[in-house]
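K.L.:
Each chain, letter by letter, is given below.
Protein chains: 4
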Amino acid sequence: MFRLNNDSTYLMPAHFGGYAFDPSYKATQRATMLSVSFETDRAELERYIPEELELRAPEVQVSMTQLTEINWLSGGHYNLVLVSVPARFTGKKGHVDAAYPLVVWENRTAPILTGREQTGVPKIFADIEDLHIYRPHYATSVSYEGNTFLSMTFEAGGSITGKDLEQTKVQLRSLDLIGWRYIPKVGAPGADLSQFIYFPQWIEVEKAYMGKGTLQWTELSPMQNPRQHQIISALASLPVKKNIQSVLAEGEVVLDTTQARVLE
Amino acid sequence: MFRLNNDSTYLMPAHFGGYAFDPSYKATQRATMLSVSFETDRAELERYIPEELELRAPEVQVSMTQLTEINWLSGGHYNLVLVSVPARFTGKKGHVDAAYPLVVWENRTAPILTGREQTGVPKIFADIEDLHIYRPHYATSVSYEGNTFLSMTFEAGGSITGKDLEQTKVQLRSLDLIGWRYIPKVGAPGADLSQFIYFPQWIEVEKAYMGKGTLQWTELSPMQNPRQHQIISALASLPVKKNIQSVLAEGEVVLDTTQARVLE
Amino acid sequence: MFRLNNDSTYLMPAHFGGYAFDPSYKATQRATMLSVSFETDRAELERYIPEELELRAPEVQVSMTQLTEINWLSGGHYNLVLVSVPARFTGKKGHVDAAYPLVVWENRTAPILTGREQTGVPKIFADIEDLHIYRPHYATSVSYEGNTFLSMTFEAGGSITGKDLEQTKVQLRSLDLIGWRYIPKVGAPGADLSQFIYFPQWIEVEKAYMGKGTLQWTELSPMQNPRQHQIISALASLPVKKNIQSVLAEGEVVLDTTQARVLE
Amino acid sequence: MFRLNNDSTYLMPAHFGGYAFDPSYKATQRATMLSVSFETDRAELERYIPEELELRAPEVQVSMTQLTEINWLSGGHYNLVLVSVPARFTGKKGHVDAAYPLVVWENRTAPILTGREQTGVPKIFADIEDLHIYRPHYATSVSYEGNTFLSMTFEAGGSITGKDLEQTKVQLRSLDLIGWRYIPKVGAPGADLSQFIYFPQWIEVEKAYMGKGTLQWTELSPMQNPRQHQIISALASLPVKKNIQSVLAEGEVVLDTTQARVLE
Chain A
-6 MFRLNNDSTY
4 LMPAHFGGYA
14 FDPSYKATQR
24 ATMLSVSFET
34 DRAELERYIP
44 EELELRAPEV
54 QVSMTQLTEI
64 NWLSGGHYNL
74 VLVSVPARFT
84 GKKGHVDAAY
94 PLVVWENRTA
104 PILTGREQTG
114 VPKIFADIED
124 LHIYRPHYAT
134 SVSYEGNTFL
144 SMTFEAGGSI
154 TGKDLEQTKV
164 QLRSLDLIGW
174 RYIPKVGAPG
184 ADLSQFIYFP
194 QWIEVEKAYM
204 GKGTLQWTEL
214 SPMQNPRQHQ
224 IISALASLPV
234 KKNIQSVLAE
244 GEVVLDTTQA
254 RVLE
Chain B
-6 MFRLNNDSTY
4 LMPAHFGGYA
14 FDPSYKATQR
24 ATMLSVSFET
34 DRAELERYIP
44 EELELRAPEV
54 QVSMTQLTEI
64 NWLSGGHYNL
74 VLVSVPARFT
84 GKKGHVDAAY
94 PLVVWENRTA
104 PILTGREQTG
114 VPKIFADIED
124 LHIYRPHYAT
134 SVSYEGNTFL
144 SMTFEAGGSI
154 TGKDLEQTKV
164 QLRSLDLIGW
174 RYIPKVGAPG
184 ADLSQFIYFP
194 QWIEVEKAYM
204 GKGTLQWTEL
214 SPMQNPRQHQ
224 IISALASLPV
234 KKNIQSVLAE
244 GEVVLDTTQA
254 RVLE
Chain C
-6 MFRLNNDSTY
4 LMPAHFGGYA
14 FDPSYKATQR
24 ATMLSVSFET
34 DRAELERYIP
44 EELELRAPEV
54 QVSMTQLTEI
64 NWLSGGHYNL
74 VLVSVPARFT
84 GKKGHVDAAY
94 PLVVWENRTA
104 PILTGREQTG
114 VPKIFADIED
124 LHIYRPHYAT
134 SVSYEGNTFL
144 SMTFEAGGSI
154 TGKDLEQTKV
164 QLRSLDLIGW
174 RYIPKVGAPG
184 ADLSQFIYFP
194 QWIEVEKAYM
204 GKGTLQWTEL
214 SPMQNPRQHQ
224 IISALASLPV
234 KKNIQSVLAE
244 GEVVLDTTQA
254 RVLE
Chain D
-6 MFRLNNDSTY
4 LMPAHFGGYA
14 FDPSYKATQR
24 ATMLSVSFET
34 DRAELERYIP
44 EELELRAPEV
54 QVSMTQLTEI
64 NWLSGGHYNL
74 VLVSVPARFT
84 GKKGHVDAAY
94 PLVVWENRTA
104 PILTGREQTG
114 VPKIFADIED
124 LHIYRPHYAT
134 SVSYEGNTFL
144 SMTFEAGGSI
154 TGKDLEQTKV
164 QLRSLDLIGW
174 RYIPKVGAPG
184 ADLSQFIYFP
194 QWIEVEKAYM
204 GKGTLQWTEL
214 SPMQNPRQHQ
224 IISALASLPV
234 KKNIQSVLAE
244 GEVVLDTTQA
254 RVLE
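Top to bottom, those sequences are chains A, B, C and D.
Residues -6 to 257 in the working numbering are what the first sequence spells out, letter by letter.
Residues -6 to 257 in the working numbering are what the second sequence spells out, letter by letter.
Residues -6 to 257 in the working numbering are what the third sequence spells out, letter by letter.
Residues -6 to 257 in the working numbering are what the fourth sequence spells out, letter by letter.
Accuracy of the hints is not assured; some may be wrong.
Below are the DSS-like pairs computed for lysine-lysine, each with C-alpha atoms no more than 30 angstroms apart in a straight line [said to hold, decoys possible]:
#: 1; chain 1: D; residue 1: K200; chain 2: D; residue 2: K234
#: 2; chain 1: D; residue 1: K178; chain 2: C; residue 2: K178
#: 3; chain 1: C; residue 1: K19; chain 2: D; residue 2: K178
#: 4; chain 1: A; residue 1: K178; chain 2: A; residue 2: K85
#: 5; chain 1: D; residue 1: K156; chain 2: A; residue 2: K19
#: 6; chain 1: B; residue 1: K200; chain 2: B; residue 2: K19
#: 7; chain 1: A; residue 1: K178; chain 2: A; residue 2: K205
#: 8; chain 1: A; residue 1: K19; chain 2: B; residue 2: K178
#: 9; chain 1: D; residue 1: K19; chain 2: C; residue 2: K178
#: 10; chain 1: B; residue 1: K156; chain 2: A; residue 2: K178
#: 11; chain 1: A; residue 1: K205; chain 2: D; residue 2: K19
#: 12; chain 1: A; residue 1: K205; chain 2: A; residue 2: K234
#: 13; chain 1: D; residue 1: K162; chain 2: D; residue 2: K19
#: 14; chain 1: B; residue 1: K19; chain 2: B; residue 2: K85
Simulated from the structure, these hints should not be mistaken for lab results.
Next up, chain A with everything else stripped away, as it sits in the complex:
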C-alpha cells in the first residue's frame, strides 16, 4: 500500500509519489514581459480587495509574460496575464508589501495547479497568443473557447540604456505576490482553508523598452465564458483615470517557491 513520506511535498494524485522538499530549490525561466499600468477609482477597486489587506495605491497593473526554458517544466514554456494591485498585509510581526493578484490567466494547466494549491495565486485558464512582433509593434490577444476578452498592444520607443536601465532594473525587479489560498468545505458553504501567503519572486531585467501600451477589454456572455464572465466584467468596468506606464522587458524570472510562507 502507498504511504506518504514525511520529508516530501505532494500534489494530487499523491499516491504516485512526491518531491523531496528542498529549501534551496528555485524555479527559473526566461521571460518577455509586456506591462501596462493605470490609475483607477479607489472605491471601485476596493470592492475586490479582501479586508485583510490594504490597497497601497488605486493602481492596476496588467502584464502579459511569455515564459520559456522553464526549469521545473524541463524546458517547457507558457504564457500568463497577471492583473494585480499594490497591497499590504499587516500581521502580528509587522507588515508585508507585495502585489495582490486579482486574477492570473495562464495557457498551461500545470502551473495553474501549483500556483493555486501551493501558494494561493488565483490562476485560471485562457488562450494567450504568443506576442506578434512587427517592430516596433507588439500585440497579443487573450480568449476563452474562441471568445476574445482582452487585446493588448504596445508600440516600442527606444531601448532603455545606461543609468535609466539600471533604474528600470531596480524598479521592475520585485514580482513578490500575496496569494489568498481558499479551499472550500465539502458539502457545505465556507472554507476548509483560507490563508494569505507571501510568495517571493523577481526578475533580473536584461533589456527594457518604454512605449505606448493599450488594453481593450470585451465583456462576454455567460454562455461565452460561464465561469469567468463576471471577472472580466469587473475588470472591464474599472475606470482608467490615468495611464501610468507601459514597458516591455526581457530577462530571467526566479520564483523562490520554498520560501513562500503563510502570513499571520
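Could you slot chains B, C and D onto chain A? The hints should help.
P.N.:
Same frame as chain A, but now just chains B, C and D:
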C-alpha cells in the same frame, strides 16, 4: 472592501464573488463513454492505493468519456480519461464502496480545478482527441504537448438490447468516486489538508455496445512530460492478466456535487 | 525514380503516391448545421461576385456545420463556416444554378487543401468552436489566432415534424457549389488556372428546428488577422435588410467529388 | 461585379481582392533551426524522386524551424519541419541545384496555402511543438490529431565562433528549393498543372551550435492519420547508413518569393 458571504461557496479568486450553496443543485451532461477493463497483479496495483483504502479487486478500468451539453459550463464540452480501481473506505460509521481514481486526465482546465479543490479527484491536463468513428471502429489518442502516451481503440459488436440493456444500465450506473483531497503545507513538507471524500455520480445509459477494446501506453521521458511521466510509467507497467470487458455507452451523466462528503 | 500513374489522381506531395480515380466514390459524413440567412443590398453584394456569374438574389447564407464520422478522414471530424450566395453560371450548354461560396472557414487543413485544389472552394483557416448547447440555446464563435471575428447564436423553437419536415428536407437538400479555382502564375501577376467548377453535394436531413439566429461580426486589424481582415470587413459591412430564415438541421452529408466538372 | 486586376496576384478567394505584384518584395522572419542529416540508401530514396530530377547525393536533411516576427504575417509566427534531399534539375538553359522537399509539415495553414499554390512546396499540416530548451538539451515533437509521429532531440556542444562560424554561415546559407506544383484535373485522373519551380531563399546565420541530434519516427495507422500515414511510413523506412551533421542555428530567413520561376 470585499467580504465573504457565509452562505456561499467560493473558488479562487474568491474576491469576485462566489455561488450560493444550493443542496438541490446537480451537474448534468450528455456522455459517450468508452470503457476498457482488465485484471492486473494485486501487489503491483496496491503500490498506488493509500493505506486508508482497501482494494476490492485487482482490476483497472480505463474509460474515455466525451461530455457535451454540460449545464454548469452553459452548454460547453470536454473529454476525460479516468483510470480507476474498485475500493472501499471503512470508517467509524461503516464502509463506502466506490471507484478510486488513480488519475483523471481532462482537456479542459475549469473542471480540473473544481474536481481537485472541491472533491479531491486527481485531475491533470492532457489533450484528448474526440472519438474518431469509422463504424464499427472507434479510436482516440491522449497526448501531452505533442507526445502521445495512450491510444485507445474499440471495435463495436452489435447493440445491446432488451433485457441485456436493462442489465447493462444497472451494471454501469454507478460512477461514485472516492477522492483524496491533498493540499500541501506552504514552505514545508507535509499537508495542510488530507481527506478522503465520497462523491456520488451516475450515468443513465440509453444505448450500449459490447465490443473489443485495446489500450496502448507509450512511456514518455521527463523532457516530454516533466510532471506526469512517472504516472504514465506506473500505469504502463501494470501487467494485463486478463481483459474483463469493453463497452461503449451513451447517456446522461449526473454529478451530485453538493452531496459529496468527507469520509471519517 | 518516381513516375506518375495515368489512372490516379494526386495531391502534393505527388511522389509518395496518389489515389486510383474511382467515379463511384463519394465522401460521406454526419452533419449538424446551423444556418442563418439574410437579405442584403444587391450592389454591395455584387462587388464580390465575378462577372462570369449572375447573382440570383441579394441573399447571404451563413452556415456553421459540425462534421463527424467523415469517411475520407477515417472517421475524423471538423467544423466549417460557409458564407454563400445564390448564383448562376451560364455557358455554352445552358446554365447551372448553385450556391457561390464567398468564403469557407474550416478548422482542419486537410479538407481546406482538397477543397481549394480539387474544386476551387475558397477555404481558409479559422478556429471554430464546437456548438455549445444549453437547450434551447446554441452558440459558436469563430476566431483567428485568439481574435474573435464572428459569433453565432441560435434559440431553437419546436422541432419540425410531419409534412413540414418533408418540405424542409427538400428545401435544404441541395448543397451544390460553384467554385472558382484560381492558381496564380509564378513570378508574375495573373493566373495559370482560372476555372469555374460545379461541385454537387447534398444533405439528407433527419431532424430540423426553426428558431431565432443571430450573427455578430467583429472587424479585425491587419495585425490581428493579416491575411483575412479585408474579407471580414467586407462581410461585416453588408447591410442586413431582412432576416430570412434560421434553421438547425442534422443529417448525412454526401459530396459527389468525382462528379465535379469545369463549367464552360 | 468583381473584375481581376491585371497587375495583381491573387489567392482564393480572389473576389475580395489581390496584392499588387511587386518584384522587390521579400518575405523576412527570425528563425531558430534545428537540422539533422543522414546518409541513406540511394535506391530506397530514389523511389520518391521524380524522373525530372537527379538525386545529387543519397542524403536526407530533416530540419525543424521556429519562425517569428514574420513580415507577411504582420509579426506572426509558425513552426515547420522540412524533409529534403539535394537535387538537380537539368533543362534547356542548363541545370539548377537546390534542395527538393519530400514533404514540409507546418502548424499554420496560411503559409501552407501560399507555399503549395504559389511555388509547389508540398506543405501539409501537423502540430509542431515549440522547442523545449533545457540547456544543453532541446526537444520537439510532431504529431497529428494527438498521434506523435516524429520526435527530435538535440544536445548542444559549444557555440561555433570565429572562422568556423564564418564557414558555417556560408555552408548553411542557401535554403533554395525546387517545388513540384501539381494541380489535379477536375472529374478525371491526371493534372491540369504539373511544373517544377525554383524558389530562392536563404538564412543569414547569426549563432550556431554543433551537437548530437536524434530523430525518432513512429508509424501511424490510417485511422490515426488518414492522409499522411504512407508518407510517414516511407520516411520511417529509409535506412540510416550514417549520421552526417546536427546543427542548431539562429538568424534571419529571407524568401525571395517573386523571383521564383518555372523550370524548363
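K.L.:
Indicate, hint by hint, whether the structure satisfies it.
P.N.:
Hints and how they fare:
Proximity of K200 of chain D to K234 of chain D is assessed by CA-CA distance (about 29 angstroms); at most 30 angstroms being required, the pair is judged to hold. Distance hint between K178 of chain D and K178 of chain C is fulfilled; the C-alpha atoms sit about 17 angstroms from each other, no more than 30 angstroms. Straight-line distance between C-alpha atoms of K19 of chain C and K178 of chain D comes to about 17 angstroms, which keeps the hinted pair within the 30 angstroms bound. The suggested pairing of K178 of chain A with K85 of chain A holds, with an alpha-carbon distance near 27 angstroms, which does not exceed 30 angstroms.
For a cut-off of 30 angstroms, the pair hint linking K156 of chain D to K19 of chain A is broken: about 39 angstroms separates their Cα positions. Distance restraint check for K200 of chain B and K19 of chain B: the Cα-Cα separation of roughly 22 angstroms lies within the 30 angstroms cut-off, and the hinted pair is therefore satisfied. For the hint pairing K178 of chain A with K205 of chain A, the CA-to-CA distance comes to about 45 angstroms; that exceeds 30 angstroms, so the pair is violated. Distance hint between K19 of chain A and K178 of chain B is fulfilled; the C-alpha atoms sit about 17 angstroms from each other, no more than 30 angstroms.
In summary, the hint linking K19 of chain D to K178 of chain C is supported, as the alpha carbons are separated by about 17 angstroms, within the 30 angstroms threshold. For the proposed pair K156 of chain B and K178 of chain A, the alpha carbon gap of about 42 angstroms is over 30 angstroms, so the pair is violated. At most 30 angstroms may separate the alpha-carbon atoms for a hinted pair to count; K205 of chain A and K19 of chain D meet this at roughly 29 angstroms. For the hint linking K205 of chain A to K234 of chain A, the alpha-carbon distance of about 16 angstroms falls within 30 angstroms, and the restraint holds.
A distance of roughly 20 angstroms separates the Cα atoms of K162 of chain D and K19 of chain D; the hinted pair therefore holds under the 30 angstroms criterion. Of the supplied pair hints, the one linking K19 of chain B and K85 of chain B holds, its CA atoms being roughly 28 angstroms apart against a limit of 30 angstroms.
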